[in-house]
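So the sequence lines, in the order shown, correspond to chains P and L.
Per the working numbering: the first sequence = residues 2 to 86.
Per the working numbering: the second sequence = residues -18 to 271.
Treat the hints as calculated values from the structure; they're not laboratory data.
There may be inaccurate statements among the hints.
Computed beta-carbon distance windows for the label pairs [what the hints assert, rightly or not]: (1) P:Gln64 x L:Arg137: 33 to 43 Å; (2) P:Thr55 x L:Lys150: 21 to 31 Å; (3) L:Gly55 x P:Glu61: 22 to 32 Å; (4) L:Ala117 x P:Glu31: 43 to 53 Å; (5) P:Glu29 x L:Ala28: 22 to 32 Å; (6) P:Pro40 x L:Ala93: 24 to 34 Å; (7) L:Ala144 x P:Thr55: 42 to 52 Å; (8) P:Glu31 x L:Glu198: 37 to 47 Å; (9) P:Leu35 x L:Leu166: 23 to 33 Å; (10) L:Gln32 x P:Glu36: 30 to 40 Å; (11) P:Glu56 x L:Asp147: 13 to 23 Å; (12) P:Thr55 x L:Leu166: 19 to 29 Å; (13) P:Glu31 x L:Leu166: 42 to 52 Å.
Stretches of chain L that chain P covers, calculated by requiring three or more beta carbons in the stretch to come under 8 Å of a beta carbon on chain P [to be verified]: (14) 23 to 31; (15) 195 to 209.
Residues on chain L that point at chain P, a partial pick, calculated with CB under 8 Å [to be verified]: (16) Tyr114; (17) Tyr132; (18) Glu191.
Even for Gly, the Cβ is constructed at its ideal location relative to N, Cα and C.
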Amino acid sequence: MALHFELVTPARLVRSDDVYMVVVPGSEGEFGVLEGHAPFMSTIKDGPLKVYRTEGAAPEEIQVQGGFAEVSANGLTVLAEHVEG
Amino acid sequence: MASLKELKGRINSVKSTQKITKAKQMVSAAKLRKAQANAEAARPYAARLAQVMGSLAGKVTVSENSPKLLAGTGKDQVHLLVVANSDKGLCGAFNSNIVKAARLKAKELEAAGKTVLFYLIGRKGRPVIRRVYPKAIAAMFDTTDVREPGYAEAERVAAELVAMYDEGKFDVAHLFYSKFRSALLQEPTSQQIIPVPAPKIEVASDAVVEYEPDEEEILAALLPRFLKTQLFGALLENQASEQGASMTAMDNATRNAGDLINKLTIQYNRSRQAAITTELIEIIAGAEAL
């Protein structure tokens, strides 16, 4: 059981991984996405994206700017204009 | 007939020209590979964004309250032609093809009684358009100080365009650039960018998607981003096209120079031989006379 997570910027595909959970800084509050999340679409405010590779692991933080998240049956796709780290 | 010395000089000058064109051809070939890789890397983002836009646009009805970038200003009078060119020459008809497409469109619009303005990206399109439409250039965007126009430039262009649009300086914007088909074939393309045409991708979404905030707000946030992506895509295509065109043009030039050198060398050898023969005849004639 894993969540397929993709992070895409205009210049390239930054990340395409299977992870346990991603916490996304949505514009109306943070939300965590696990596998099997309902279809969902949200804008993102500038902030850290927390990627948990496995359950209980220390999160890896990726700074995103000007982003947009989409959860579909295929997993989570984050479109961001700028990415750091 | 040119003297031997003159011929030798010409051969040398063609040789050095050939060196330049050959070098430029190799540089372009290397750069083309990079530009193609860049264009490829940018595809997932553009595709995803278009998909999202498509699914959103299907859900939101265009009304007076919709964002102006989608609904338009309600007028169709002033057209802005955004022409993306390169900064450097030595790439065959690449720039003139784009400018030609833009001028055709401008003529067509003017015949229909519209006002035409130009927004020029890159250095090479300026002289021609300035000569034909001296008063219609709204702004010029300089890319000479960056090595290769990237997303930052696309962002700045988009910001300027949106600002001009909000001030009501134009109603419709078209983008002109060259689409990269192959190293041999580049296609000048025009495309409407403002108001944003709704992508035609129909997304079959049976799942109920939740939106946060609501559809309209997401759409409003996405529109400028979509514009940036389109500009960015155009810049990348343009770069790949420029290198492709340059490669082809320089290949032709190198070959032409080679032919010219061969011809000149033959001519040089013939005249040298003729000179030797004349000299010999003179000597023999002189000896016989004694």
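Right, here's what the structure says about each hint:
1. For the hinted restraint 33 to 43 Å between glutamine 64 (chain P) and arginine 137 (chain L), the CB-CB distance of approximately 22 Å leaves it violated.
2. Distance hint for threonine 55 (chain P) and lysine 150 (chain L): a CB-CB separation of about 54 Å, inconsistent with the stated range 21 to 31 Å.
3. Distance hint check: the CB atoms of glycine 55 (chain L) and glutamate 61 (chain P) are about 48 Å apart, inconsistent with the given range 22 to 32 Å.
4. Checked against the given bound of 43 to 53 Å, the beta carbons of alanine 117 (chain L) and glutamate 31 (chain P), roughly 50 Å apart, stay inside it.
5. In this structure, glutamate 29 (chain P) and alanine 28 (chain L) meet the distance hint of 22 to 32 Å, their C-beta atoms being roughly 27 Å apart.
6. Under the hint 24 to 34 Å, the C-beta atoms of proline 40 (chain P) and alanine 93 (chain L), about 45 Å apart, miss the expected range.
7. For the hinted restraint 42 to 52 Å between alanine 144 (chain L) and threonine 55 (chain P), the CB-CB distance of approximately 47 Å keeps it satisfied.
8. Look at glutamate 31 (chain P) against glutamate 198 (chain L): about 18 Å separates their beta carbons, and that is not inside 37 to 47 Å.
9. At roughly 48 Å, the beta-carbon separation of leucine 35 (chain P) and leucine 166 (chain L) lies outside the given 23 to 33 Å, and the hint is violated.
10. The hinted window of 30 to 40 Å between glutamine 32 (chain L) and glutamate 36 (chain P) is violated, with their beta carbons roughly 22 Å apart.
11. Under the hint 13 to 23 Å, the C-beta atoms of glutamate 56 (chain P) and aspartate 147 (chain L), about 48 Å apart, miss the expected range.
12. Between threonine 55 (chain P) and leucine 166 (chain L) the beta carbons are some 49 Å apart, a value that contradicts the proposed interval 19 to 29 Å.
13. The hint said 42 to 52 Å for the Cβ distance between glutamate 31 (chain P) and leucine 166 (chain L), and at roughly 49 Å that hint holds.
14. With a cut-off of 8 Å between beta carbons, the stretch 23 to 31 of chain L has 6 residues touching chain P; three or more are needed, and the interface restraint holds.
15. Three residues within the 8 Å Cβ limit are the bar, and the stretch 195 to 209 of chain L against chain P gives 6, so the coverage statement holds.
16. Contact between tyrosine 114 (chain L) and chain P, as hinted, is not supported at the beta carbon level, the nearest pair being about 32 Å apart and thus beyond 8 Å.
17. The interface hint given for tyrosine 132 (chain L) holds, since its Cβ lies 5 Å from the closest Cβ of chain P, which is under the 8 Å cut-off.
18. Annotation: interface hint on glutamate 191 (chain L) holds; nearest CB of chain P at approximately 5 Å, less than 8 Å.
Violated hints, in rising order: 1, 2, 3, 6, 8, 9, 10, 11, 12, 16; the structure is consistent with all others.
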